[in-house]
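In case you want the letters, here they are:
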Amino acid sequence: MTSDVATRTPGSRRDSVDGSRGRAALRGLLRWETALAGVLIATLIFGSSTSSTFLSSTNLFYIGLNMGEIAIMALPLTLIIITGEIDLSVASMLGLSGTVMGVLFSHGWPVWLAMVAALVVGALGGTLNGVLVAKLGLPSIAVTIGTLTLFRGIAEILLAPRTITGFPPSLTKIGVAPVPGTQVAYSAAIFLILAVVAGVVLHAAPLGRALVAIGLQREAAQFAGIRVNRIKFWLFVLSGVMCAFAGILFTLKNASVSYDAGTGLELNVVAIVLFGGVSIFGGRGTVVGVVLSVAIVGCLQQALTQRNVQPEVQNIILGVLLLISVVIPNGGEAIRRIRDRARRRA
Amino acid sequence: MSTAVITPTPTARPRRLESLLRARELGIALAIIVVFGLTTLNNHAFAHAASIQQLLTGAALIALLGVGETMVIVTRNVDLSVGSVVGLSAYIVGDLFKHHHQMPVVAGFAVAIGLGAAIGAINGLVTTVARVPSLVVTLAMLYIVRGIDGVIVNGKTIDPASIPQAFITFGYRSLVGIPWLAIIVAVVVAAAGYAMRSFRWGRDLYAIGSNPDAAALAGIPSGRRVFTAFLVSGALAGLAGALFLAIHAQVDVTGGIGYELSVIAAVVVGGVAIFGGAALGALLLNTINQALVATKISSFWNEAIAGALLLAAIAFDRWLSLRVARNLRSAEGAHRDL
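Chains A and B supply the protein sequences, listed in that same order. For the first sequence, the working numbering gives the first residue as 638, with consecutive numbering after it. For the second sequence, the working numbering gives the first residue as 90, with consecutive numbering after it.
Keep in mind that the hints were calculated from the coordinates and are not lab data. These numbers were taken from a predicted model, which means no experiment stands behind them. Each hint can be trusted.
Here are the computed distance ranges between Cβ atoms for each label pair:
#1 Val753/A x Ala397/B: 23 to 29 Å
#2 Leu773/A x Arg313/B: 32 to 38 Å
#3 Asn866/A x Arg415/B: 18 to 24 Å
#4 Asn416/B x Arg981/A: 41 to 47 Å
Facing chain B, from chain A, some residues (calculated, C-beta under 10 Å):
#5 Ser729
#6 Leu775
#7 Thr786
#8 Phe788
#9 Ala792
#10 Glu793
#11 Leu795
#12 Leu796
#13 Pro798
#14 Thr900
#15 Val907
#16 Gly956
#17 Pro966
#18 Ile975
Listed next, the stretches of chain B that the computed footprint assigns to chain A, with coverage defined by at least 3 CB atoms under 8 Å from CB atoms of chain A:
#19 215-226
#20 347-355
#21 378-391
#22 403-412
Quick reminder that beta carbons are idealized off the backbone N, C-alpha and C, glycines included.
Assemble the whole structure, with the sequences as input and the hints as a guide.
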């Protein structure tokens, strides 16, 4: 039954869940992650044909460096979208956290204390989102567009128009050096560890099943004894803390921070999660898909940049990928519907 | 996840709600007057005609985009592509004028509206035919249209010299002291408001948003109506692009970036359920923006205030709908007692 519930496609939301449909959906789901793996291999082949050093460890280090923070923010967002909500304030929280850390550091705070303060701000921001969405029941898309503006605005008040630099080189070296003994960027390594944790929680723990249940049928989940609002509240707090953490990494990587750090990244994060096969309606999605999606986008960007493809064209490619990723799962049903209508007319 | 930003109010609403909604309109108008008054006390130049014209001009584009966005949001959808459409339309019209200097001004507007409508049609078709959430479709279109814009612009800028004077005058000329822009926007808001209130398809949009299943059972062609809403939103974004070019007399690849969030903010602050709310919301946000400049309070406060207002508006809407629901329930109870 659980696998049935977990693998329902958004198209089947209003239909009853019977065994054959569940199996068909399972096949569809397998196909989606398989398709992503195929796309990743194609991207790697494309990249290798671009330059013989594409699969070199240096190149992979840079791909990890580029994607690390976005990828870390994508994990809590994956869980949030699976419960049927959304958090658009992630990139503003990244900027606010970096700003708080920079401002306190410039006031003479020890850098580690400034980092802790940034994490606390992340928790507070997440709490605000959580209270408004889970306690007051406001629509998360509207709330987080509001906090997107609010968080960025507070960062602007605190720091604009200055830029803070001068962080200890022992910390900022994470922007130029990999984890000792490997060729993996720090943020990428942290992402991989967190992804394993998220994967275990989502796919092998009762909490994960609760998240999927909330996304599929909120009321049913409530009646089944799942504390829907409490879980949603803590997910938003988690998202705030993780985005603040990403903000610290982002600041250290650049060895500087201004209030507009990471402006507009929220759309990239959402695009990556959705391309990873997480349904915007909630109730469907895997961590594996999101990890593959991160890898595809990172490798593709690197390969296109090495081919001197303009960033504008890269934007078009990202947009088309996103569109394809939602149209294809629904495409079969749409064609069937159109054929039915034509038949009825005839 | 439903992409509705705010639950639209049902078509048949009790008189009490009607009056509360009017209170909302009045409240925003009052807020504008209070901000305006306080700022004028601090800086007398704020009440000068030129300054007021600037207030109206600055709010015009967002208000115009808000009209289309309202139609889309009322149906529980959202259009994130408007900012990119503004940028693309502004540049293409500018480029046409640059290469065909004799092109009539009307043709410029026609191209802009046609281009926007075409993109809106794609949004509407993908959303309704493939039944894909509009949040994702229009997010993808935001990237795609901005990307196409970047390829076409290719680092160039349209400068004032390549745009006919007759076109630029739309940006600053005024009729008996009221900027042309504000008049155009007021006409569009009034026309759309009338259509939403009195035309069948306008009422249908509310019905679809209130209860999609009930709307389908009532025989409303939901797909066609939602498509129309996206078409209108796209066409208005195209028009806004042409006006953007007229106001600024130049455009590069950054034109219209981030407008989508300002528009949604204006729509939500104004209250989705009342028509014309978006225009009031845009005017309030722009008045605060200009007031911060005029009072020499750092304009860095602007974004935070806008965010706080947005959250307050969302919470207020929720309170309103809870109150209405309670009133409806108690009214039913009264009936049963009789």
